[in-house]
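Just so you know, the sequences run in chain order A and B.
For the first sequence, the working numbering assigns the number 1 to the initial residue and increments by one for each residue that follows.
For the second sequence, the working numbering assigns the number 117 to the initial residue and increments by one for each residue that follows.
If you are wondering where the hints come from, they were derived from the structure by calculation, not from laboratory data.
In this text, a Cβ means the ideal position worked out from N, Cα and C, and glycines have one as well.
Any given hint could be a false lead.
The following label-pair restraints were derived from C-beta to C-beta distances [as the list claims (entries may be wrong)]:
no., chain 1, residue 1, chain 2, residue 2, range
1, A, Asn51, B, Gly144, 16 to 26 Å
2, A, Ile38, B, Tyr146, 24 to 34 Å
3, A, Gly72, B, Ser124, 49 to 59 Å
4, B, Ser124, A, Val73, 33 to 43 Å
5, B, Gly144, A, Lys71, 30 to 40 Å
6, A, Pro81, B, Leu170, 47 to 57 Å
7, A, Ser7, B, Asp155, 27 to 37 Å
8, B, Tyr186, A, Ala30, 30 to 40 Å
9, B, Leu170, A, Gln59, 47 to 57 Å
With a straight-line Cα cutoff of 25 Å, these simulated SDA-like cross-link-like pairs (lysine to any residue) come out [stated by the list, open to error]:
no., chain 1, residue 1, chain 2, residue 2
10, B, Lys208, A, Leu60
11, A, Lys62, B, Lys208
12, A, Lys78, B, Lys197
13, B, Lys197, A, Tyr106
Computed far set for chain B versus chain A, every beta-carbon distance over 12 Å [stated by the list, open to error]:
no., residue
14, Gln122
15, Tyr151
16, Leu170
17, Ser177
18, Phe179
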Amino acid sequence: EAGVAQSPRYKIIEKRQSVAFWCNPISGHATLYWYQQILGQGPKLLIQFQNNGVVDDSQLPKDRFSAERLKGVDSTLKIQPAKLEDSAVYLCASSNHDGTGSYEQYFGPGTRLTVT
Amino acid sequence: GQSLEQPSEVTAVEGAIVQINCTYQTSGFYGLSWYQQHDGGAPTFLSYNALDGLEETGRFSSFLSRSDSYGYLLLQELQMKDSASYFCAVKKDSSYKLIFGSGTRLLVRP
Numbered sequence: 001e002a003g004v005a006q007s008p009r010y011k012i013i014e015k016r017q018s019v020a021f022w023c024n025p026i027s028g029h030a031t032l033y034w035y036q037q038i039l040g041q042g043p044k045l046l047i048q049f050q051n052n053g054v055v056d057d058s059q060l061p062k063d064r065f066s067a068e069r070l071k072g073v074d075s076t077l078k079i080q081p082a083k084l085e086d087s088a089v090y091l092c093a094s095s096n097h098d099g100t101g102s103y104e105q106y107f108g109p110g111t112r113l114t115v116t
Numbered sequence: 117g118q119s120l121e122q123p124s125e126v127t128a129v130e131g132a133i134v135q136i137n138c139t140y141q142t143s144g145f146y147g148l149s150w151y152q153q154h155d156g157g158a159p160t161f162l163s164y165n166a167l168d169g170l171e172e173t174g175r176f177s178s179f180l181s182r183s184d185s186y187g188y189l190l191l192q193e194l195q196m197k198d199s200a201s202y203f204c205a206v207k208k209d210s211s212y213k214l215i216f217g218s219g220t221r222l223l224v225r226p
């Protein structure tokens, strides 16, 4: 089974520029998450999708961050304009809660963003 | 508010046993998960506890006490490859979203 795919793996941009990240979850997984992980900290949930609907975006800085999952499969996360404090690893994860009792989230390799 | 407390670093010797503690304060609680993350890698799932008690999976075990808002991850027969960061994470509601702690960096020495 293919894992969660993310691209690009690395991105360096200047502040005030825009950037977009792409995620393709494990096939069949209805739930998709975007996390921000700052160096030395745990992942922080930015947004959670169930199919193509938003379940939780309470921690998403909506003045600069946006995310979509139009067809309920892959997703993009955009930052516009970027700030220095956005430098972090952006992790995508997916899960499938089919009633079997699994609570596992499967993470992609992440995109390391550096804002200069 | 909500908070999860974990030690920032733990060092242990190869072959030994180590326990990583996690205390939490959250407005809702469904269960506690543990994830492992090697440097530069993705977090990988280790365990999930919804009920009080010990869950064992190979060399790793996880414990939960809901009344004490406390859990721990127990790693036995430590191997060098166990050097990584370990995160506890609370499932607060039925949505499956997780609130992660800041992680414990485990260093296994020969």
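So if I understand the rule, the pair passes when the alpha-carbon distance is 25 Å or less; does lysine 62/A with lysine 208/B pass? Holds: lysine 62/A and lysine 208/B sit about 23 Å apart, inside 25 Å.
Does the Cβ pair isoleucine 38/A, tyrosine 146/B satisfy 24 to 34 Å? holds, 26 Å
Is it true that glycine 72/A and serine 124/B lie within 49 to 59 Å of each other by Cβ? 39 Å Cβ-Cβ, so the 49 to 59 Å window is violated.
With a cut-off of 25 Å on the C-alpha distance, tell me whether lysine 197/B and tyrosine 106/A pass. holds, 20 Å
Interface exclusion of tyrosine 151/B relative to chain A, criterion Cβ beyond 12 Å: violated, 8 Å
C-beta pair leucine 170/B, glutamine 59/A: status relative to the range 47 to 57 Å that was hinted: Violated, at about 32 Å.
At the C-beta level, are glycine 144/B and lysine 71/A separated by a distance inside 30 to 40 Å? Given about 32 Å between the Cβ atoms, the range holds.
Outcome for the supplied range 47 to 57 Å, where the beta carbon pair is proline 81/A and leucine 170/B: holds, 49 Å
Can you let me know if the beta-carbon spacing of asparagine 51/A and glycine 144/B is within 16 to 26 Å? With Cβ atoms ~24 Å apart, the hint holds.
Quick check for students: does the CB of glutamine 122/B sit more than 12 Å from each CB in chain A? violated, 9 Å
Are all C-beta atoms of chain A more than 12 Å from that of phenylalanine 179/B? holds, 16 Å
Given pair status - lysine 197/B, lysine 78/A, alpha carbons within 25 Å: violated, 35 Å
In summary, the structure is inconsistent with hints 3, 7, 9, 12, 14 and 15 from the numbered list given earlier, while agreeing with the others.
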